[in-house]
Amino acid sequence: MSTGALLIWLAEVWLYVGAVVAVAFLMIGIGRIDENARGSYTFRPLLVPGVLLIWPVVLWRWASAELLGLDAVVSRDRPLRDAHRQVWIVLAVLIPLLFIVSLAVRQSPPKSGSTAVQINPTAQ
Amino acid sequence: MSVKYTPVQWNRSKIFYDFVVLALVFAYVLVFVWLAPMFMGDVKQADGAIVRARAFGTCAFLMLTVILAIGPLARLDTRFLPLLYNRRHFGVITFFVALTHVMFVINWYFDYSSTPRFEALLTSNTSYFQLLGFPFETLGLLALFALAALATTSHDFWLRFLGPRLWKSLHYAIYFAYALIVGHVAFGSLQSQTNPTFTIVTAASVLLVCGLHLAALKRERESSGHAAAGDWIRVAAVEEFDNGFAQIVRLGNGDRVAVFRHENQLSAISNACAHQNGPLGEGRIVNGYVTCPWHGFQYRLADGCSPSPFTEKVPTYALRRDGDSIFVSSKKNPPGTYVEPLTIAENA
Chain A
1 MSTGALLIWL AEVWLYVGAV VAVAFLMIGI GRIDENARGS YTFRPLLVPG VLLIWPVVLW
61 RWASAELLGL DAVVSRDRPL RDAHRQVWIV LAVLIPLLFI VSLAVRQSPP KSGSTAVQIN
121 PTAQ
Chain L
1001 MSVKYTPVQW NRSKIFYDFV VLALVFAYVL VFVWLAPMFM GDVKQADGAI VRARAFGTCA
1061 FLMLTVILAI GPLARLDTRF LPLLYNRRHF GVITFFVALT HVMFVINWYF DYSSTPRFEA
1121 LLTSNTSYFQ LLGFPFETLG LLALFALAAL ATTSHDFWLR FLGPRLWKSL HYAIYFAYAL
1181 IVGHVAFGSL QSQTNPTFTI VTAASVLLVC GLHLAALKRE RESSGHAAAG DWIRVAAVEE
1241 FDNGFAQIVR LGNGDRVAVF RHENQLSAIS NACAHQNGPL GEGRIVNGYV TCPWHGFQYR
1301 LADGCSPSPF TEKVPTYALR RDGDSIFVSS KKNPPGTYVE PLTIAENA
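So the protein lines, in turn, are chains A and L. All residue numbers for the first sequence refer to the numbering used here, where the first residue is 1 and numbers rise by one. All residue numbers for the second sequence refer to the numbering used here, where the first residue is 1001 and numbers rise by one.
Derived from the structure by calculation, the hints contain no laboratory data. We put the beta carbon where it would ideally sit given N, CA and C, even for glycine. It is possible that part of the hints are untrue.
Rough simulated footprint, nothing fancy, chain L against chain A, three-plus residues with beta-carbon under 8 angstroms [claimed, not checked]:
| # | region |
| --- | --- |
| 1 | 2-16 |
| 2 | 89-98 |
| 3 | 101-107 |
Just chain A, same shape as in the assembly:
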């Protein structure tokens, strides 16, 4: 099995497990932990892709909310502003550097009007 095939197989397993979690969470769990979801069903299919992608986080948050209550496990007043500053100081160097390096390694195309060189005359 190639590395590519292995990665695709792992992705499929991830999505299958996610599908099981999505069914359980969206049919049972969501109404138990979030009062705003009780009696509201039309929005739930929109959450399926998100659960498929981050189902371990969903399971962890669902378990925490069952034990302590959703409001107790989410912090609503601790912004990430300082992290934002650090991220952009790094990216403001990294992104232009990436761009410059890509231009530095770029090969020049053949000049217009240059004649082709035949490397295997016997191929005729």
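Take the given structure of chain A and dock chain L to it, following the hints.
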């Protein structure tokens, strides 16, 4: 939101916003396909699938550039705040444009062999240890995953379920998605361009996004000042408070407090909105409520609670006056705690 969830929270403004974005995407793709042969020398004779792939690819890149520019622009100039209001829908549309680009690419470049298409995408180029010929497809694929994570967790449920801090952390992925896409474009399409147009557009995008973020960081640092330590932190002189607006102070632990003046009273609440941690101190007082400049969430000044039926609340802080100066307590009250406003003279 603290009301029953709906599939999409549309209103007239958001419908107009989405319509304009979709119309611009449609127009861009049409114009690109029409004009492409004039400035894409390498695809003059090529199949239309390549032109369509590049149309959607460049469109997604430009949309991401605009999305990343909106945040710092709104911080530098409040006239851009309306663009911030519905940025999540913009992001979701961008994901679908990027996905369309990927489908065109896969269905064209990887569809004519016995190897399954997605396996071919991952295995056709594995030169990860050299810059020239680096597998730029992988960079694009990782960026698509990041955009997918953002688009699929954009519903308000996710904000409440994950909390603003974790949700924001997850949505920081957009910054790395942008870096990956710059790499994808620079080590991919730009390597074979004979016309400088896309090289110039990419350079302009990088300069714009990085420059605006650095400028916004500088502005924010200047406006919130240095972190101050102690039990009581000086905010400003009484006469420096304008009616309806706030002075923002940064505490020793990094928290920011917004001290608002409403008529002849001062009140202090957390600067972080309970919705997405938007900067409340940059908002205004509307009908007696502090209104978040990002999405319009509102809070009472005295207790930091949203008006019924909403249940959001933010921490409050005690204030005291010493001479002409106003001081705020560094001790944060639990969200929703009532604090008697500090009364100042009418003409202060």
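The hints, checked one at a time:
Three residues within the 8 angstroms Cβ limit are the bar, and the region 2-16 of chain A against chain L gives 6, so the coverage statement holds. With a threshold of 8 angstroms between beta carbons, the proposed coverage of the region 89-98 of chain A by chain L holds, since 7 of its residues qualify and at least three are required. Using a Cβ-Cβ cut-off of 8 angstroms, 6 residues of the region 101-107 of chain A lie near chain L, which meets the minimum of three, so the contact claim holds.
Violated hints for the displayed structure: none, as all numbered hints are satisfied.
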